[in-house]
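Please work from the sequences and hints to get the whole structure.
These protein sequences, in sequence, are chains A and B.
Count the first sequence with the numbering used here and you get residues 14 to 394, in order.
Count the second sequence with the numbering used here and you get residues 452 to 719, in order.
For the record, the hints were derived by calculation from the structure and aren't laboratory data.
Since we're looking at a predicted model, the values are computed, not measured.
Using N, Cα and C, we set each Cβ at its ideal position, and we do this for glycine too.
Careful, some of the hints might be misleading.
[Stated by the list, open to error] The calculated label-pair distances, taken between Cβ atoms and stated as ranges, are: (1) 376/A / 531/B: 33 to 39 Å; (2) 79/A / 568/B: 57 to 63 Å; (3) 688/B / 179/A: 51 to 57 Å; (4) 599/B / 187/A: 48 to 54 Å.
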Amino acid sequence: MAEAARKRGDIAVSRSGDGTLVVRLAGAWTLDTGVPPITDVEQAFAGSPKPTKVAFDLADLGPWDSGLMSFVIRVGELAAERKVPLDEATLPEGLRRLLALAARVPGQKDARHAKRPDSWLARVGVATLDAWDDAQAMLAFVGEVTLAFGRLARGQARFRARDFWLLVQQAGADALPIVTLISFLVGTIFAFVGAVQLERFGATIYVADLVGIAVVREMGAVMTAIVMAGRTGAAYAAQLGTMKVTQEIDALTTMGFSALDFLVLPRLLALCMMMPLLCLYSDALGILGGSLIGIGMLHLPPITYFNQTFNAVAISDLTGGVVKASVYGVLVAISGCLRGLQSGSSSSAVGDAATSAVVTGIVAIIVACGIFAVAFYILGI
Amino acid sequence: MSAPVDDAKKPHITVEDLTIAYGERVIMRDLTFTVNHGDVFIIMGASGSGKSTLLRNMIGLNEPTKGDVKYDGESFTHADEAGRQKLLQRFGVMYQGGALFSSMTLAENVGLPLGEYTTLSDAEIREVATLKLALVGLKGFEDFFPAEISGGMWKRAGIARAMALDPDILFFDEPSAGLDPISSRQLDDLILELRESLGTTIVVVTHELPSIFAIATNSVFLDIESKTIIARGSPQAMLEDPKTNPKVRRFLTRGEDDEQHEGSGAHG
Chain A
14 MAEAARKRGD IAVSRSGDGT LVVRLAGAWT LDTGVPPITD VEQAFAGSPK PTKVAFDLAD
74 LGPWDSGLMS FVIRVGELAA ERKVPLDEAT LPEGLRRLLA LAARVPGQKD ARHAKRPDSW
134 LARVGVATLD AWDDAQAMLA FVGEVTLAFG RLARGQARFR ARDFWLLVQQ AGADALPIVT
194 LISFLVGTIF AFVGAVQLER FGATIYVADL VGIAVVREMG AVMTAIVMAG RTGAAYAAQL
254 GTMKVTQEID ALTTMGFSAL DFLVLPRLLA LCMMMPLLCL YSDALGILGG SLIGIGMLHL
314 PPITYFNQTF NAVAISDLTG GVVKASVYGV LVAISGCLRG LQSGSSSSAV GDAATSAVVT
374 GIVAIIVACG IFAVAFYILG I
Chain B
452 MSAPVDDAKK PHITVEDLTI AYGERVIMRD LTFTVNHGDV FIIMGASGSG KSTLLRNMIG
512 LNEPTKGDVK YDGESFTHAD EAGRQKLLQR FGVMYQGGAL FSSMTLAENV GLPLGEYTTL
572 SDAEIREVAT LKLALVGLKG FEDFFPAEIS GGMWKRAGIA RAMALDPDIL FFDEPSAGLD
632 PISSRQLDDL ILELRESLGT TIVVVTHELP SIFAIATNSV FLDIESKTII ARGSPQAMLE
692 DPKTNPKVRR FLTRGEDDEQ HEGSGAHG
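And the structure:
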């Protein structure tokens, strides 16, 4: 290494006639060259008889920085443990002053966070309690949102129409490109996987059924919802979290506005309104993606492919998908807004809030998806 | 809005036996003080002494564990939702960073409460907002977004918004924080001007000594260790009174008054 030219500092410990432990330091004592271990000094302390005092010999000392300082502090601690006085007069003036500065305010014992390693059981307990608190907070939030909807229905909720239409645009038209991409690809992949299997039975025409039913019943809504959770849910959490950091939410409160009415309601309404439309769009794109494989790869006539699709998909499949999408939209908006309002007041907390909003949103979507599947099965839809 | 003369020396805000705690941890205890009409009242204390927390409790952002905050004798802490809404319109708050809504222009920021609580038309709201912005020296910036102006201007726009509804009380949270000495001085002058011309009662949370001496008519000093008020009155009088608590004296003199405190002013 090129650094080897700058030699690491040397240490030599000796005892003088009067029992003084002389620590002789030579060469560079800097952080970048590395600091020698303190073991020599420890051994010297351990030897008997106990040294009368500790002194430094720094005649050959080269450049030094905090590396030397931390070493000297450790020597000082060793000396203090054994009640051996440290002769500070042998240290350079600048170092003495730094040491005095570091020692000026005694360390506050209770200032350091207690970090005892918790047992496995305790950690499980804490995690369970946290999950319980979180579930309660979420239920309370859903309750408050419901009340806010009640105020909206009575015409008492207050938010700016302009904010609302902007949010509608952000949650609607602005999301089209990514929804296009994902839906089209998912349709294509479905058709491709299905085609490979169905071709063996000569039943390639059923690719149209497969794609049509899967996309319209489930995938259109779920894929759109997951895209929106990552896109809009995270944005909501980040927006509200930042507003908390900048005290904008406090300002709203002291101006007599309810943050729930003013910020959460328009976001929720926007997503709830746009999700069904995005879902329909996603359905169409998914079927189009499937037809690419059906027509291009399996050489089915376009008219046959689309006819087969329309025959396979019932209107109840379509409405079911749209209803699901609406519910997913509410879930995404609620997780985004909740995490944003729960955010702490630092930049990392806002990042955590956005992450948590996406995770909560996706979990909620999947759980709701399962509940819908069971409910639709029981209802025979 | 109240006239400055006839209401003078009548209690405007009364804080009674307020105790603030997060769970078991007490932040401040037994706070009792009165802010009179037309006062420039300073809440001072070292960083971390709970000044801002006290302010948050006075304006209803946090709920005190015990005690009451009254505006003109009407309880705010124990008021119901409707009563609280009414009291909220009596005061305006300027937050540390201005807390302007970033998606709205300055005029829209100032106009927001006007649109909510008055029956003014959009054009009238815009006119009032323009006037308020002119009062804080931001004439011509009506259509700027907060991201387009400087930190000092945020604070002034924050004041304009706090004044939108002509409140009788204005709260300022650390108005000088992050400002250069000149802007800070201009803000002090603005605060005094508002009090003189509108008769507004002003409550300021700060630890900036020049501001404190320039504007205060009354104050309380919050102490970290005893978690309560250890001095009250005008800061100038505190400084002159030999009986003032040494901690307060140290604060008001930037620690120069007190040499025997260990370590302070370690001369090299």
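Consistency of the hints with the structure:
A beta carbon spacing of about 38 Å between residue 376/A and residue 531/B agrees with the range 33 to 39 Å that was offered as a hint. Between residue 79/A and residue 568/B the Cβ separation comes to about 59 Å, which falls inside the hinted range of 57 to 63 Å. For residue 688/B and residue 179/A, the Cβ-Cβ distance of about 53 Å falls inside the hinted range of 51 to 57 Å, so the restraint holds. A hinted range of 48 to 54 Å for the beta carbons of residue 599/B and residue 187/A is inconsistent with their spacing of about 23 Å.
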